[in-house]
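Novice: Chain by chain, the residues run as shown.
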Amino acid sequence: MSSLLSGQLLFAALATGGLYALVAFGLNLIYGTLRLLNVAHGEIVMLGAYAAYWAMTMMGGAPLFALPLAALLLGAFGFALYGGLFRLALSRPALMKRIEGNSLLLFFGVSIILQNAVSLVFSASPRANKADDALIAFADIQTSQSRLMAVAITFLVCLSLAIALKTSWAGRAVRAMIQNRDAAAIVGIPLDRLQAWSFAIGFAVAGLAGALVSLFEQISPFMGFPYTVAAFVVIILGGLGNLAGSLAAGLLLGVVETFGVAATSANWRSILVWGIFILVMLLKPQGLFGGSRR
Amino acid sequence: MIRRTAWMWVGLALAMAALPQLGGDYLIGLGITLLMWIALAESWIVLSGMTGYVSFGHAVFYGLGAYVMVVCWNNLPGWAGFLGAGLAAGLFALAIGYPVLRVRGPYFVILTYGLAELVKFLIINTEAALGKFGRLVFGAPPLATLYYLMLGLATLAVLIAWTVRRSRLGLGLAAIREDETAAENAGVPVARLKLIAFALSAAIPGMVGAVMALRSSYFEPLQAFSPTVSFNIVAMAVIGGGDDAPGPILGALFLVLLSELLWAHLPEVYMIILGLLVIGFVLFAPEGLHGRLQRLRRP
Amino acid sequence: MSAGLVLEGVGKNFGGLKAVSDVSFAVPEGAIVGLMGANGAGKTTLFALIAGNERPSEGAIRFDGPRIDGLSPDRVVKKGIARTFQIVRPFAGLSVRDNVRVAALYGRGGFAGSAEDWVAAVLDETGLAEQADKPAQALTLSGRKRLEVARALATRPRLLLLDEVLAGLTPTEVAEALVMLRAIQAKHGLAILVIEHVMKALMRLCATIVVLHHGLKIAEGTPEAIAADPAVIEAYLGESAAHA
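Protein chains in written order, with our numbering: chain H, 77 to 370; chain E, 29 to 327; chain B, 5 to 248.
All the given hints hold, so there is nothing to weed out.
Stretch-level coverage of chain E by chain H, calculated; a stretch enters the list once three of its residues show a Cβ under 8 Å from a Cβ in chain H: (1) 149 to 157; (2) 254 to 266; (3) 299 to 307.
Think of the hints as simulated: they come from the structure by calculation, not from any bench.
By construction, the Cβ of each residue, glycine as well, lies at the ideal position given by its N, Cα and C atoms.
Kindly produce the complete structure, drawing on both the sequences and the hints.
Specialist: Rendered as structure tokens:
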């Protein structure tokens, strides 16, 4: 970390930023389509990490098997959580009146349940995948094989999500819904089905992110929260409901955080992240990249 | 009916006052815990129950109070640290309140959480720069003294919540909760009222933090500013229900007893039940325990 | 300085969009002035500017002389101007009485007797006395419109801004509401600025009518003069005739 201009640092920044973008995407998707703020989003990342850990360590699966499995399992969980809990919540007018606040409380409940259930099953101590990692070096960048793979997959998924959002029917329907729910319903967009899918896709992507993290970092039942925080910062930066904005903001946060910490010290990481968050919130609550008005 | 309820509360206060004479250290400790949560949750509803600005960061006032106390402890008389803690928390709320209270709804919730985290890490870094990693408090007052301090704080918090709820201020806050724009156009000075509510709901948690720093004889920022404090306050207020004084008492009583049963041996199970309870109350009983009881009483 | 409300070249831009531009007129003390115009003509924006919900981009708004533009809504209320909302905004969870009580306690004050008496009197005048202890969300639309008026009236204004309080009501309800408004106006000696789509009602209620079109004032005069004004017929009546 001698120079701030090293390729190593840039690589680390992109790796972190890509991950943030991935995690924030799901959070923003669910907020955009349902106006629900998922404070349990980091716990979904955590579950994805444990699913991959379980598949690889206990079942002996390869990463290329564990990653889609984690995404699939969490996607199914998203489907189930929407059908089991939030469809009910959304059908109650008294709750809908303050749905954003109430959804926060519901997800808060989900969050502590998940943390503690995983802690009960897997124990609270951190674990790590023992992947046989070859080191790779090019130019002045040194990294491990699994980290490189994780970064590649992150960007691949981000890119395909962005393309799908622009071009596919579902993507356009989702964007229509984010802009104007009532109008979307009138032109025949099936809101309920899309909402269920928003949960499923949002959770699947977060689960995948968690699985990727598990390839090169220790995992614990309480690892999720920093990701929730980062994802919130990202979607505030990028604009609530603005999915493209959150991809850009994810990268930005990764860069700012990585370079900021390199320029100061690790102690400043949280101050930096929260400081940015609070400043944006107070100065420009509609996000740096425009987006819908509150 | 009203008279009977009033006597019930007086009886409860007297019973709590007599507790140190009757019980041992365990019971006094449990009493302090209960009173602490009552004081915190009652303070919380003055802002969040009455205006609908849900704070997920009340730990910041608690933590600041604890910090002021341990910093003052060896340099100033104890009462100065105690009052200073409340003053610091209240002034902090006033200082940040104007910009922060312009942010509404879920954004406010996350903002308060973020502020608490920011202050936590700022203090961690300050302490690290001073070369302090946790501070010990020597010569803290006996447990019974702390108990009475906490009883005083809890009573004060209940009285504040009760009085505000029935005052002109409380009506203005309720109008803000229902529709802030309409409130403004009815003449309610919304910015000023929110600021008052914020400061009122911050001061007592500051003093509670001060007492708890003495109780544990130890200050460590990660612990003093723990989000768990904020979460517990919200959970108790939600489970207790409503914007009136009895709600938080019921919520605190319920969760403290539950935690006493489960926390020592099955902390995860306690937390899972807590999560289920919050979900259950939000979905099926948004009026909380207090609302439920009221409905039972007048069928 | 003339008494009452005076608008001098008032304009408001949202982004690049001119919602209102260069509007001038007066509402003298005790007068009833109607504000007319198609949807999007800038009527409600004008109310928001007068009541302090928005700050004008240009021009001045005076009330009894001093400028009031840029004051916060609660300060404007204390100067003696109260508004209602076209899309009603009751304090849904509070009782009807508490809705009115908020305005009585935080309004201009200075009424004779206790606040409670004042609240009761306002509830009486607006025909809400029997529903006073219901939660506001239990009221019908007609009741909610009355509550809007009651809440504004309880602040003890000298100028009342009424934003389509008759819209959506049945003909019988409109007739009742008109009686109520006249009685209130006479009793309190209020000035009223009223936005209304119910044309007949506006013509019957007001001595003067101001017509807005695309944010500009295109006419001002007695109901008869307005009904005969070619610019108005072109811009407004023509349009609504085309709709009918």
